[in-house]
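Hints are included, so try docking the two chains, each in its own frame, into the full complex.
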Amino acid sequence: MKVYNPKNIKEALTYLGGKDTHILAGGTDLIVRIKDRDIYPKSIVNIKMLHLDYIKINGDFIKVGALTSVETLYRSEIINTYAPVLSDAVGKMGSPQIRNLGTIGGNIANASPAADTVPPLFVLNAGITLKSRRGKRAVAIGEFFTGPGENIIERDEFITEVVFKKMESDEVWFFKKLGQRKALTIAKISLAFGGRLSGRKLNEVSIALGAVASTVIYAKRTADFLNSKRLTRDVIDVVSKIIQKEIEPITDIRSTVEYRRKMAGALLKQGLLDIMYSVIARQS
Amino acid sequence: MFKEVGKNIQRVDGYSLVKGNPVFTDDIDLKDMLFIKFLRSPHPHAVIKSIDTREAEKMAGVALVLTHQNTPRVPHTTAGQGYPEPSPYDSVMFPRKMRFVGDRVACVAAESPEIALDAVKKIDVEYKILSPVFNPEDALKDGAPIIHDEKDSSGILDPKHNLVGEVEVNVGNLDAGFGEADVVLENRYEAHYAQHTPIEPHIVITYLDENGRLVIRTSTQVPFHVRRICANVLGISIRKIRVIKPRIGGAFGTKQEVYLEYIAAYVTLQTERPAKFELTRSEEFTSRTRHPIITVLKVGARKDGTLTAIDMRILSNTGAYGSHATTVMYNTGSKVLPLYRCPNVRFEGKVVYTNLPVAGAYRGYGATQGYFATESMLDEIAEKIGMAPVDLRRKIHIKEGETSPIFDALGEGKKGIPQVISSSKLPLCIEEGFKLIKWKKKPKEEGKMKRGYGCAIMMQGSGIPAVDMGAATIKMNEDGSFNLLVGATDLGTGSDTILAQIAAETLKVPTERIIVYSSDTDFTPFDVGAYASSTTYISGGAVLKTARKVLEEIILIGEKMLNESKENLKVENGKVVSKKTNSSVTYREIACNALYETNQHQIIASMSHISHKSPPPFAAHFVEILINRGTGKIKVEKYVACVDCGTAINPKLAEGQVEGSIINGISYALTEEFIFNKNGKMRNASFRDYKIFTAMDIPEMKVVLIPSHEPSGPFGAKSVGEVCINGPCPAIANAIYDAVGVRIRKTPFTPERVLKAMGEIEHLKDIHKMENY
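Chain order of the listed sequences is A and B.
Using the UniProt record's numbering, you'd call the opening residue of the first sequence number 1 and step up by one each time.
Using the UniProt record's numbering, you'd call the opening residue of the second sequence number 1 and step up by one each time.
Bound conformation, chain B alone (with noise of 0.2 Å):
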């Protein structure tokens, strides 16, 4: 059995950020440090005719301003993405033509933030008014106002219509498969914006170190993509660029973007001083979002409940710059449609830009909004063939041993690579979740509380097959200690915590004797970084590489030591033993013999890891809500999550990333929502405004993490960051249907929303205006 792995090893950073240790971007303060603040644009579609920041320039205390007409002109995506790039290059430093209302014109660098804030006022800026539009469905259309029309950027697929990008792709026979069907349901389903709202929002500090080199500390999730975006804008080599990624106060996907980073670089570049750029809570807002997506899906079933025929039709809004456009579009159909077993799918997905927010990564990846369409449907189908949701959910899913022919014809921005599930515990977490909700039928209660259970299953991947690739290194120190170094990025996830883990139970040590410096490009080997639920799962196979070479070593070694071979040997507890005659050396020995004594050499190991699957981790999520029919509002009285994430390295740190992802899942179900103006700017960025679930919301969670083991992972582990958060938007529209007889179709389910469905309310108006958007 494991000593280390599957235990609730407490997280190595744990102490230090209790203890409010200075860990954190922010924390640091360095002299002469500058301050950076932005020049946003108050239009959604306008063409700077004419900047004068002489005013700014004059103002005491303001060492730089920085517009389209300084600065390199480079374009690049913002997406933090493995190389080349899948998302178009449609973004430079500061442009000239503006794309929504926050697009960046200027920035001014200062002695302090307070004085840049002023100086910002003072430029003057002359717009030429363009139309702007903000309807996905009519960005496509002729005529539409053209949102990149520039001759240097790429990679968009149809500019004169906004289309960014496209995919179709036709499994088995459609139409026949509708012929087969019993009952045949089309409907639309709209998944709306969001953001992550990670208590830290974005910050870079940059400062040059005592050689003259770039050093850029920041708060991200792709240290290396870092380096490498910031040496392409900035037009300067790679060897000139240290990326530092200290503790991190939450990304969720929004920091997989490198948008901040280059301008502070630049601004030391140019001054030779330090820089500070972070991101005000407002600023943040519009930062990165999740695309919203509209859902057209088809579903044919006979009716015995198995599916015929699935045509999914997907419309993704990336906003005004196509960042992550194309894989997040891929992702709605790779990541959701496997899970169904149908002989016949179409997948069609277009992305379009608009005058909105930035869309970006954000956990689910676009499988948040397919799930919210597909077991919406499901439940619709169940009814109509009379079956109960559940029972439905027991026989349309992929099982072990199984494949789907959409792993093999989508991808990720591309065509994907078979694969065979190895290791599905679904049906178990099925069983178990329906278990704990206690589902009961429905009394006929009069009262003005009305009782509902819904019910979603889903899956993700582990890292992107084939792609996505992380590297450790791991070298002995004399006292039988290691140090582990890893590109990974801990994100506050505790992924540092687990990587140790792996490496202690491979190395048979306890895991404080496993050391663990992550995400430096300068001292650490290269990763991809902590995105597409890979960390564990890709990193991790790094570490458990790099460990079992460094273990060959030790063995090595103390077959000399113990003048003995090595099927004579075994290792425990740090030690070296012959089974013969119980005599051992400890690592402590093998260690300073290998340093000082015999044949001297460090004892080291450098192993990369990539993976030609991305095995899905399954939940099954369960939920029993309470509506007041009288004020439409709804409370969730309990959420069971059954997950199968492999085996739990740290089972506390994996249930943290479920019932992190399920609180995030009901806010964004219930109450999160972008409220814009006319001219398409946010109306409510700020706390006070957008209202994320507190602790008092919170309802009571069951989480149970069903081990399976999947042969392909460290230890048995898949991914867990991710896959949760697809649940709680079709389970609760499901249980509002159970409850008061209602479907819903699109989120968030305000209490506007829910009587507005119940027909209480005829019709919203003004604030709901913006809607389909």
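Pulled out of the complex, with its shape left as it was, chain A reads as follows (with noise of 0.2 Å):
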């Protein structure tokens, strides 16, 4: 096995195309794959030492190296502020020890349903910036993933930058994540919300899943109902079935189609009724 150890990012893209080439970011899923002999590189190109680091803002928009580690994106004031659906997803993963590894490229590129980072991005309808030799594209996430370990990334490229709107103040958001245990969990089911709202209406509503099909994945049909609803605990009941229809889980060994079906639901109440109750002390 062959390890490079690019110093920028075009030395690093001459040594990516091959057919058991991968990336090493954080090596928090790499190298436990490599243990289980669950995969046998050929060469591994170590892109650590590329400077892709960094939280900035830039306008309206935050720009996140790709090997931002997931307890800087935690402690940064930025992500706090702009977009703390992320920051507190982010806050629920793994232990000390992965969150000072992983990135939230390598959590984005591993591609798991049950990503922590990846609800939370798809409700900032986050675009992932990816490079190669032939040049650079933006893609938005929520056309990133084709499967389960599965998504779009050519074999001679690899994720820079992370790129989304800052969230407003008018926003309302949530992630819940229900895992076996507190810490160094893999969600059963995992949401994340965004919207709008003007007094008790919603709009520009968007959810997340993950844990609950192949990819992580939008609820939109559930949000079409939410948009320009007000919110009431009748519609709250109504909308929590909904999402239960929306979605097809399956069973494996974390927990079972029916569990999470009705999880949806939960969750989606819980949050929502969060928000309404924070609105109605709001108004009073």
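Careful: at least some of the hints might be erroneous.
[As the list claims (entries may be wrong)] Pairwise CB distance ranges, derived in the manner of DEER restraints: (1) A/Glu-204 to B/Glu-186: 57 to 67 Å; (2) B/Asn-8 to A/Pro-96: 22 to 32 Å; (3) A/Lys-2 to B/Asn-70: 38 to 48 Å; (4) B/Glu-637 to A/Arg-75: 23 to 33 Å; (5) A/Lys-2 to B/Ile-129: 38 to 48 Å.
[Claimed, not checked] Derived DSS-like pairs (lysine-lysine); straight-line CA-CA distance at most 27 Å: (6) A/Lys-92 to B/Lys-450; (7) A/Lys-35 to B/Lys-122; (8) B/Lys-121 to A/Lys-35; (9) B/Lys-638 to B/Lys-441; (10) B/Lys-438 to B/Lys-652; (11) A/Lys-42 to B/Lys-121; (12) B/Lys-635 to A/Lys-92; (13) B/Lys-549 to B/Lys-560; (14) B/Lys-414 to B/Lys-141; (15) B/Lys-448 to A/Lys-245; (16) A/Lys-19 to B/Lys-121; (17) B/Lys-450 to A/Lys-269; (18) B/Lys-97 to B/Lys-160.
Quick caveat, the hints were computed from the structure, so don't treat them as lab data.
For each residue, glycine too, the CB sits at the ideal point set by N, CA and C.
Written out as structure tokens, the structure reads:
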């Protein structure tokens, strides 16, 4: 096994393209797979030295380097202020050791249906920047995944940056994750919610779910139903049933179809009730 | 008052462990060492038709391939118990018949673990597939696949029905008892599979010493049983084997098994090279497990809470081999039923083979599964008669000075021994725990979080009466220090420290003057090992006796040196002092006198200890939980454990045992679960998929040790290692009922099961199809 340690992006790109070439970022997925003898890489391109560890404000946008660690995201004032839904999700990831090593680019590229950063990035409608010797392209996160562990990255490409718009003060959000225990746990189901609120009326609703399909998915019908609706108990009861019909989860070692379906409703309901109560509290 | 006992003395091995000194089995590297890996059966039930190892043997770096064709076939039990063993002789080094997914087909010894793994894949095996049986109730039926049908196995009660053993005892008149009852309830409770998950998996290193004797360095609870069982299986004399137990990274019962040692030893004997055999984590999961037990329990009670009859029937699943099969089954009765005052009791037990992973010893040893049933049932009875759960507990338990006919009727794999409870502070444990949990009347809160309280009482034993034996040797050095040599086995529990404290207290020196060396069959006297909560009580008893004998010898020499008779002498701070003149001789002077001057001899003594009783430690547990009605998730808010373990020789270590048991137990109750596929293969054999509690999950715990004095124990001590694993399952089940009004009689209480019980999910598919096993 050959390991390359490129010093810049240009050099890194020269090593890519081979069949059994893998990219090493944090290593929290790759090394485990090698140890499990799940994959046998011929070469590994270690991209740690590429200076892709940054969080920048660029006008209305936030730019996050692909090598930014989960812990850095969690501690970032910028993320906490302008992408709180992501901040909340990364706080619930793994353990301190994993958060220190794991990167946002790696979490996306690994394409787990249960990836913790992905549902919030769906809600933020993030763009993923990919580079190759052929040039650079941007792909919306909603079009990035094609199956469990599968995505649209070509062999000669890698993720360099994640870009999303700042959240604004009229935006409401929540992230919910159910695992088997509090830390070091893979989601049985996760749900990220974003939308704009004027008075008690919702608009521009976006809902993304993890671990209920072969990739993270948008719950479009559910979101559509909520658009221009006033948040009431009745609406919340109805929408928590709609989302259960919209998804097609499976049974695996972590949970069951029935439980996951039920939880999609329960998590949405809890989050929306919290929003409604806080609006009512503010108004009174 | 005590000077060394009852104090939080630092562990004698604490610094070296914290510094990362090379203290564990794996911490030595021997020249020319071979590494061993298993080929395991992919089938739950099959016979090997042919096995071709030529391709593997040809590989560079492969030293030896072992199969049933080139190894001795000696039926034995892997359970490291006293001799003759109560478990059936149903195992051989490499069987021809496979009995569960993971059974041992062959092994490769090679220059590196990687080569061994690659070579394992080159072994070509042809199997004749047999139909398996997974459900223990099906296994008993006529016409079920027969798992142990080989002629040379022994000790199996009814192999044709996969029945390893059974027991029935009757005390009083059951029918009359139920007749007197105002309330009779009958329910079925099921306790599930679990693994001990020690941080250090099973590991052994074997080598030949300079004289060609076999040395087995192994992570075991039972070094002397390892020596005996290996000698038997290898067909060599005990005198040719030395077993060394270094520091251990946790055991909890799973290392009361002997099944890697003789394979590594055989490799060493064949190749004359050192060999290392370490299980991977995924192998560890199906190495040995907790017996899943189905309990059908019928209890009769009067309106005032008096229990009139208990009928307990259990079906225990021992998996593919009968390690600890009958003894665990007996224990489910013998360590549970005597807790309850009830004149009419029946206990019936059956233990069966299935084509699932092998069960074995696991902290609690059957009592854990039994208490889940009885302590859940008591709450159901309490509700029926309109009594608070804690009030019923106050009323029905055995008290100091009382006995139970069950002690006599049921032992461990045989009849028991009558005993009177000579120490119990259980009433105080209940009162103190009840106070600390602040059990509130349920407020009528409508929110999504529901609060609930639950309690459970429990006991265990201290060693196996008239079976377990420990011995100690103490010799005095010329600086007034002492070598304490014990066969007892410190598993990380701190027993080396506790035994040193017992010696120090008796010899009236600080603990640091005691140099402990333990668990080496060449250099330490015999001890059955660390199991059945025996070390403090049994091995501690041996240390106490030995230290007393050495003290007598010291005083004898002091008499001569001070020219004073014994009655006028006292011993304090490492000196023999004349009460009359206050003149004194130090231990140093006494030891030097004995070694170099007068009547020259080594001051040394060895004593052995057994006990004809097994005084139970008692505990009362209280738990407060919050259930999220939407998700079914249970959050343990607070856990209170009040424990009577007699005198705590080292309170901090005793509290550690209690806290460890509670976390172990809550994790078993809430998250740990074996998930099998249709083939009986465990699907979640990794820490990624089998969730034990992390530091983040641990609730607020309040542990209170309530001292009693056990007259038969060293300085009044009883055991503490196991008792508290029995509480969490029933206490949490009772709290769930208190919170949301549903009774869950099958562990673990996952959110899926909680919601199902609440009627929120209709049924659970696939994943829990195997749950009846």
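Checklist line | Indices of hints not satisfied (ascending) | finding: Violated hints: none; all satisfied.
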